[in-house]
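Q: The lines below spell out each chain.
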Amino acid sequence: MDFNPCMKHKIVRKTVRDFSETELGPIAHDVDREARFPWEVIDKMRGLNYFGLQIPRKYGGAEIDSISYAITIEELSRVCAAIGLCITVHNSVGAAPIVTFGSDKQKERFLPPLACGERIGAFCLTEANAGSDASGVETNAVKVEDGYLINGTKIFVTNGGVCGYALIFATIEDPSGRPSTKVFIVEKGMPGFSVGEIEDLCGMRANPVSSLFLEDCKVPFDNCLGQSVSGVKVALTALDAGRIGIAAQALGIAQGAFEAAVRYSKERQQFRKPISSFQTIQNYLADMATEIDASRLLLYRACALKDDNKPFGTEAAMAKLYCSRVATQTTNLAMQIHGGYGYSKEYDVERYFRDAKVTEIYEGTSEVQRLVISRSVLSQYT
Amino acid sequence: MVSELPWDPKTGTLKRALVDGMINPACRHALEAALILKNEHPTEITVITMGPPIAEEVLREALAMGADRGILISDSKIAGADTLATSKILADAIKTACPDFDLVLCGCHTSDSETAQVGPQITEELNVPGIAYVDQLELNNRSLRIQRLSDGFTETLDMPLPGLITVTTQQNAPRYISLSGLEDAFSEADITCLDLNDIGLNSGLTGSDRSPTRILRVYSPVTEKDNTVMRGSAGKIVQQLFDQFDDKIGGAIGKDIKEHQS
Amino acid sequence: MTMNEQLTEIWVFGDYRNYFQNRVTLQLLSRGVELAQKTGATVCAVVFGHEVDEWVGEYIAHGADRVLVIDHPELKQYKMETYVNLMVQLIEDLNPDIILIGATNFGREFAPRIAKRMQTGLSADCVGLDINEDGIMVQTAPSFGGNVLAEIITPECRPQMATIRPGTFQEIPHNYERTGEVVKLELPDNLPEERVKLVQSERSTQRFQRIEEAKVVVCGGRGMGSKKKFRKLAELAALMNAEIGATRPVIYANWIESEALIGQAGKNIKPKVLFSFGISGAIQHTAAIKNAEFIIAVNKNPKAPMMAMADIAIVADANQVCTAMIKELKRRIR
Numbered sequence: 184m185d186f187n188p189c190m191k192h193k194i195v196r197k198t199v200r201d202f203s204e205t206e207l208g209p210i211a212h213d214v215d216r217e218a219r220f221p222w223e224v225i226d227k228m229r230g231l232n233y234f235g236l237q238i239p240r241k242y243g244g245a246e247i248d249s250i251s252y253a254i255t256i257e258e259l260s261r262v263c264a265a266i267g268l269c270i271t272v273h274n275s276v277g278a279a280p281i282v283t284f285g286s287d288k289q290k291e292r293f294l295p296p297l298a299c300g301e302r303i304g305a306f307c308l309t310e311a312n313a314g315s316d317a318s319g320v321e322t323n324a325v326k327v328e329d330g331y332l333i334n335g336t337k338i339f340v341t342n343g344g345v346c347g348y349a350l351i352f353a354t355i356e357d358p359s360g361r362p363s364t365k366v367f368i369v370e371k372g373m374p375g376f377s378v379g380e381i382e383d384l385c386g387m388r389a390n391p392v393s394s395l396f397l398e399d400c401k402v403p404f405d406n407c408l409g410q411s412v413s414g415v416k417v418a419l420t421a422l423d424a425g426r427i428g429i430a431a432q433a434l435g436i437a438q439g440a441f442e443a444a445v446r447y448s449k450e451r452q453q454f455r456k457p458i459s460s461f462q463t464i465q466n467y468l469a470d471m472a473t474e475i476d477a478s479r480l481l482l483y484r485a486c487a488l489k490d491d492n493k494p495f496g497t498e499a500a501m502a503k504l505y506c507s508r509v510a511t512q513t514t515n516l517a518m519q520i521h522g523g524y525g526y527s528k529e530y531d532v533e534r535y536f537r538d539a540k541v542t543e544i545y546e547g548t549s550e551v552q553r554l555v556i557s558r559s560v561l562s563q564y565t
Numbered sequence: 352m353v354s355e356l357p358w359d360p361k362t363g364t365l366k367r368a369l370v371d372g373m374i375n376p377a378c379r380h381a382l383e384a385a386l387i388l389k390n391e392h393p394t395e396i397t398v399i400t401m402g403p404p405i406a407e408e409v410l411r412e413a414l415a416m417g418a419d420r421g422i423l424i425s426d427s428k429i430a431g432a433d434t435l436a437t438s439k440i441l442a443d444a445i446k447t448a449c450p451d452f453d454l455v456l457c458g459c460h461t462s463d464s465e466t467a468q469v470g471p472q473i474t475e476e477l478n479v480p481g482i483a484y485v486d487q488l489e490l491n492n493r494s495l496r497i498q499r500l501s502d503g504f505t506e507t508l509d510m511p512l513p514g515l516i517t518v519t520t521q522q523n524a525p526r527y528i529s530l531s532g533l534e535d536a537f538s539e540a541d542i543t544c545l546d547l548n549d550i551g552l553n554s555g556l557t558g559s560d561r562s563p564t565r566i567l568r569v570y571s572p573v574t575e576k577d578n579t580v581m582r583g584s585a586g587k588i589v590q591q592l593f594d595q596f597d598d599k600i601g602g603a604i605g606k607d608i609k610e611h612q613s
Numbered sequence: 082m083t084m085n086e087q088l089t090e091i092w093v094f095g096d097y098r099n100y101f102q103n104r105v106t107l108q109l110l111s112r113g114v115e116l117a118q119k120t121g122a123t124v125c126a127v128v129f130g131h132e133v134d135e136w137v138g139e140y141i142a143h144g145a146d147r148v149l150v151i152d153h154p155e156l157k158q159y160k161m162e163t164y165v166n167l168m169v170q171l172i173e174d175l176n177p178d179i180i181l182i183g184a185t186n187f188g189r190e191f192a193p194r195i196a197k198r199m200q201t202g203l204s205a206d207c208v209g210l211d212i213n214e215d216g217i218m219v220q221t222a223p224s225f226g227g228n229v230l231a232e233i234i235t236p237e238c239r240p241q242m243a244t245i246r247p248g249t250f251q252e253i254p255h256n257y258e259r260t261g262e263v264v265k266l267e268l269p270d271n272l273p274e275e276r277v278k279l280v281q282s283e284r285s286t287q288r289f290q291r292i293e294e295a296k297v298v299v300c301g302g303r304g305m306g307s308k309k310k311f312r313k314l315a316e317l318a319a320l321m322n323a324e325i326g327a328t329r330p331v332i333y334a335n336w337i338e339s340e341a342l343i344g345q346a347g348k349n350i351k352p353k354v355l356f357s358f359g360i361s362g363a364i365q366h367t368a369a370i371k372n373a374e375f376i377i378a379v380n381k382n383p384k385a386p387m388m389a390m391a392d393i394a395i396v397a398d399a400n401q402v403c404t405a406m407i408k409e410l411k412r413r414i415r
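Chains as they are written, first to last, in my numbering: chain A, 184 to 565; chain B, 352 to 613; chain C, 82 to 415.
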């Protein structure tokens with residue numbers, strides 16, 4: 184067991200940190216205020232393989248390992264969580280299901296545009312009456328002569344406003360008349376496919392989260408992902424990997440808020456001393472540092488299991504549950520340390536505070552993570 | 352970052368082994384200049400560094416940016432080398448590893464010591480033409496046309512190859528490393544490690560033996576003034592500052608900044 | 082006192098290219114005279130060029146005992162390889178004990194090449210020179226990237242060489258009554274041809290070195306936040322007829338051209354009033370501003386070394402104070 188980051192992971196961190204601080208640092212505050220998706224930075228990220236992190240080389244991806252992946256998302260989110268979100272959703276639940284379940288033909292067709300970021304991916308499970316329950320989607324698909332006709336509405340779609348490919352979960356009746364869930368790759372510009380208004384959310388405001396509408400949207404047979412695979416399996420597999428990404432994102436937010444708090448506590452003077460000299464503040468900082476470190480270890484273990492092709496679902500759920508909680512706690516304490524200034528929109532810590540909360544909600548709520556974990560725990564003891 | 356480099360107050364030398372690998376900023380610009388040249392004139396780029404084994408990290412990063420191979424000169428005998436000794440070792444490494452080089456590009460100075468001496472001294476050791484503080488370069492046949500700002504003059508110079516230049520941080524903004532480049536730097540990279548024997552230097556001599564300079568002592572000068580500290584809102588502070596020091600500041604800037612009663 | 086029996090010489094390279102803006106050669110002559118008093122050496126200026134009588138006279142008026150001159154049309158422009166060859170030949174013939182060269186761009190390329198040929202030591206961009214009890218020159222240079230100065234000697238090899246940052250020493254006021262020995266030497270005819278060809282040389286349109294003489298300087302560091310915010314300093318400087326300086330990280334970030342660098346590898350300044358915005362105060366920078374008469378520093382961190390050397394330490398966001406100053410000055414100046 185080696186707890187030292189290897190040279191490669193150190194350079195990954197340095198590389199992504201350099202990019203994030205230079206390109207995202209100066210705009211992170213403004214894009215949040217303006218709820219603006221920064222295409223100018225996205226353009227630069229396209230050429231640097233941020234959109235093909237784990238897509239195989241032959242389709243134009245970088246094919247990096249999962250710890251490198253987590254470090255990448257962590258470092259992006261440390262500076263600008265909304266872009267960390269765009270990248271992890273695109274990669275882990277937008278592109279990865281096609282890598283895992285797509286036919287060779289589908290991979291050749293869909294992966295290269297995803298890998299170079301020409302098409303941004305979205306994952307569309309959540310509906311007004313469905314979210315955590317993948318088998319309960321109300322969007323439906325009907326087989327017609329030359330494809331499928333899809334109807335339904337997806338909500339809270341990350342990258343929704345900018346997606347080029349959307350993985351749409353829909354219920355379809357199999358030949359025996361039983362309903363089953365399937366995944367359809369719906370492409371921007373297909374008749375009947377449209378984007379709703381961008382949601383006005385508490386955090387992650389630079390990400391164009393939106394509804395997607397499917398009204399008699401005709402999709403060719405070739406766009407049904409993994410003909411024989413059930414949509415529920417696609418969802419569960421994608422979400423296991425997706426949780427690694429969201430855990431990494433939460434970790435990055437916590438790290439960013441923590442660093443801001445440490446800096447501020449050394450600058451801010453009260454009673455003629457920096458507030459970092461007070462034990463209460465020191466205790467806060469000690470707890471934050473410990474929790475962040477524990478989060479990181481949990482997360483990297485899940486990544487290492489994934490890279491070893493071992494089951495990692497439970498560990499990913501633990502990492503996601505823990506990292507997201509640490510993110511909300513850390514940003515809360517970071518704001519507390521900042522006092523009144525922390526509550527002001529002038530300071531970044533307020534943005535971290537708002538961004539953190541949703542990590543406990545999406546990609547499976549904390550309650551769902553506990554469900555996943557407890558199932559595994561209970562099954563180990565008979 | 353740089354200011355936190357640990358140094359040993361006894362020997363006055365940098366504890367380079369503890370320093371996290373990072374490509375010196377000017378060297379990064381030099382590598383970028385080489386990569387741009389390579390784009391138009393296909394060639395092979397070798398990156399060379401001298402340091403403890405951890406310096407491999409710097410080479411990996413350079414490979415991730417697009418260099419073709421790396422050479423690490425690592426030898427415990429190198430410790431304490433000054434610029435004269437360093438330039439000798441690097442020049443001999445170049446002669447060993449790249450005897451048919453066309454162009455050597457160096458960063459114009461390091462961010463830790465900023466002597467800016469090693470590049471010009473390698474030029475002498477290799478006995479090739481050399482130009483320091485290069486901003487822009489362009490290759491025409493076997494001649495390099497360069498531009499630089501030198502002591503207030505914009506100079507255009509022509510230099511035949513093979514030669515050596517040291518590159519400033521004014522132009523050739525280094526590219527970002529792509530994640531696939533980074534993966535390549537670890538999966539298929541070619542890094543050779545050489546010691547002093549390998550490059551034909553008598554390893555009986557240490558870096559200090561080869562160095563004519565000695566460091567007597569290293570110290571941190573402390574200057575603490577009995578100063579006035581001002582705090583509060585920016586607007587209030589500025590008012591107070593100009594009220595209190597209107598003569599001093601006004602006199603220096605040659606304008607009346609006294610508060611006028613209206 | 083030195084135990085040397087033979088008469089030794091301290092050489093100062095005559096870097097006259099920007100005579101009126103850059104007085105470093107005169108400053109080195111001045112320090113050379115002081116060092117010579119401790120070793121009993123003579124101070125000798127070395128001048129290469131064409132029609133250089135004016136500079137020869139200036140150097141004697143500012144303290145040179147002797148001037149070695151090679152005056153030839155071939156030397157009209159500064160030529161690196163030729164100048165190195167000439168200097169090395171002179172050193173081999175005359176064995177000077179010490180050679181001082183101004184840390185101009187030219188000097189900082191010229192000196193290391195000479196040191197390499199002579200296989201001797203050289204310290205870069207010195208901010209102090211002295212002679213110790215053994216008669217050896219102690220060279221003080223900022224070093225190791227951190228907040229440190231190093232004292233360096235070249236105990237055995239000769240000559241002892243250093244490049245010295247402009248502005249480090251005070252020149253001796255000129256005295257045109259002074260006399261000195263002028264040794265005119267021929268250009269050797271066996272010089273190898275210069276391999277680097279100068280195609281064009283134009284005085285840069287950029288402001289040149291006025292900052293060293295400026296009464297008011299506005300200096301900015303990384304704490305300004307961004308390139309856009311850093312540009313506000315220009316507006317403030319314009320209001321105060323001030324020059325703008327910057328620290329190394331700012332130059333690296335390309336917020337301003339490298340000519341603005343104050344500190345190691347850049348310039349030393351001595352303004353009447355220095356405004357320092359968002360600068361923490363690494364030694365490379367602070368060593369270069371120690372002669373400022375009155376320093377107003379703005380930094381969020383009251384413990385920053387820059388704040389300790391300021392007369393007025395303003396604990397606040399540099400960018401906000403800059404904005405407030407612009408507003409307040411516009412109101413007050415009428």
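Keep in mind the hints are simulated off the structure, nothing from the lab.
Hints should not be assumed to be uniformly reliable.
[Said to hold, decoys possible] Below, a list of computed lysine-lysine pairs in the DSS-like style, where the Cα atoms sit at most 30 Å apart:
no.: 1; chain 1: C; residue 1: K278; chain 2: A; residue 2: K528
no.: 2; chain 1: C; residue 1: K351; chain 2: B; residue 2: K446
no.: 3; chain 1: B; residue 1: K606; chain 2: C; residue 2: K313
no.: 4; chain 1: B; residue 1: K606; chain 2: C; residue 2: K351
no.: 5; chain 1: A; residue 1: K227; chain 2: C; residue 2: K308
no.: 6; chain 1: C; residue 1: K309; chain 2: A; residue 2: K449
no.: 7; chain 1: B; residue 1: K606; chain 2: C; residue 2: K278
no.: 8; chain 1: C; residue 1: K296; chain 2: C; residue 2: K309
no.: 9; chain 1: B; residue 1: K587; chain 2: C; residue 2: K278
no.: 10; chain 1: C; residue 1: K309; chain 2: C; residue 2: K160
no.: 11; chain 1: A; residue 1: K416; chain 2: A; residue 2: K449
no.: 12; chain 1: B; residue 1: K587; chain 2: C; residue 2: K353
no.: 13; chain 1: A; residue 1: K449; chain 2: A; residue 2: K493
no.: 14; chain 1: A; residue 1: K290; chain 2: A; residue 2: K449
no.: 15; chain 1: C; residue 1: K296; chain 2: B; residue 2: K609
no.: 16; chain 1: C; residue 1: K278; chain 2: B; residue 2: K599
no.: 17; chain 1: B; residue 1: K609; chain 2: C; residue 2: K278
no.: 18; chain 1: C; residue 1: K119; chain 2: B; residue 2: K599
no.: 19; chain 1: C; residue 1: K351; chain 2: B; residue 2: K599
no.: 20; chain 1: C; residue 1: K411; chain 2: C; residue 2: K310
no.: 21; chain 1: A; residue 1: K197; chain 2: A; residue 2: K288
no.: 22; chain 1: A; residue 1: K449; chain 2: C; residue 2: K308
no.: 23; chain 1: A; residue 1: K528; chain 2: C; residue 2: K408
no.: 24; chain 1: C; residue 1: K384; chain 2: A; residue 2: K197
no.: 25; chain 1: B; residue 1: K599; chain 2: C; residue 2: K408
no.: 26; chain 1: C; residue 1: K371; chain 2: C; residue 2: K381
no.: 27; chain 1: A; residue 1: K197; chain 2: C; residue 2: K408
no.: 28; chain 1: C; residue 1: K371; chain 2: B; residue 2: K389
no.: 29; chain 1: C; residue 1: K278; chain 2: B; residue 2: K389
no.: 30; chain 1: A; residue 1: K288; chain 2: A; residue 2: K326
no.: 31; chain 1: A; residue 1: K227; chain 2: B; residue 2: K609
no.: 32; chain 1: C; residue 1: K408; chain 2: B; residue 2: K609
no.: 33; chain 1: C; residue 1: K308; chain 2: B; residue 2: K606
no.: 34; chain 1: C; residue 1: K278; chain 2: B; residue 2: K446
no.: 35; chain 1: C; residue 1: K296; chain 2: A; residue 2: K193
no.: 36; chain 1: C; residue 1: K384; chain 2: A; residue 2: K528
no.: 37; chain 1: C; residue 1: K411; chain 2: A; residue 2: K449
Since the model is a prediction, treat every value here as computed from it, not as a measurement.
Q: Could you grab the alpha-carbon distance between K599 of chain B and K408 of chain C and see if it respects the 30 Å cut-off?
A: Holds - the C-alpha atoms of K408 of chain C and K599 of chain B are around 19 Å apart, at most 30 Å.
Q: Taking only the CA atoms, is the gap from K587 of chain B to K353 of chain C under or equal to 30 Å?
A: holds, 24 Å
Q: Holds or violated: K296 of chain C with K193 of chain A, Cα cutoff 30 Å?
A: Given pair K296 of chain C, K193 of chain A is violated - Cα atoms ~47 Å apart, limit 30 Å.
Q: Taking only the CA atoms, is the gap from K609 of chain B to K278 of chain C under or equal to 30 Å?
A: Distance ~57 Å between K609 of chain B and K278 of chain C Cα, so the pair is violated.
Q: CA of K371 of chain C to CA of K389 of chain B, is that 30 Å or under?
A: It is violated: about 45 Å lies between the C-alpha atoms, which goes past 30 Å.
Q: Regarding the pair K290 of chain A and K449 of chain A, is the alpha-carbon distance no greater than 30 Å?
A: violated, 52 Å
Q: Check whether the Cα positions of K384 of chain C and K528 of chain A lie no farther apart than 30 Å.
A: holds, 27 Å
Q: Starting from K416 of chain A, check that the Cα of K449 of chain A is at most 30 Å away, please.
A: violated, 50 Å
Q: CA of K351 of chain C to CA of K446 of chain B, is that 30 Å or under?
A: The hint is violated at about 46 Å.
Q: Quick one, are K119 of chain C and K599 of chain B close enough, alpha carbons at most 30 Å?
A: Violated, at about 40 Å.
Q: Check the hint pairing K528 of chain A with K408 of chain C against an upper bound of 30 Å on the C-alpha distance.
A: Roughly 23 Å separates the two Cα atoms, so the pair holds.
Q: Holds or violated: K449 of chain A with K493 of chain A, Cα cutoff 30 Å?
A: violated, 44 Å
Violated hints, listed in ascending order, are 1, 2, 7, 9, 10, 11, 13, 14, 16, 17, 18, 21, 27, 28, 31, 35 and 37; each of the other numbered hints is respected by the structure.
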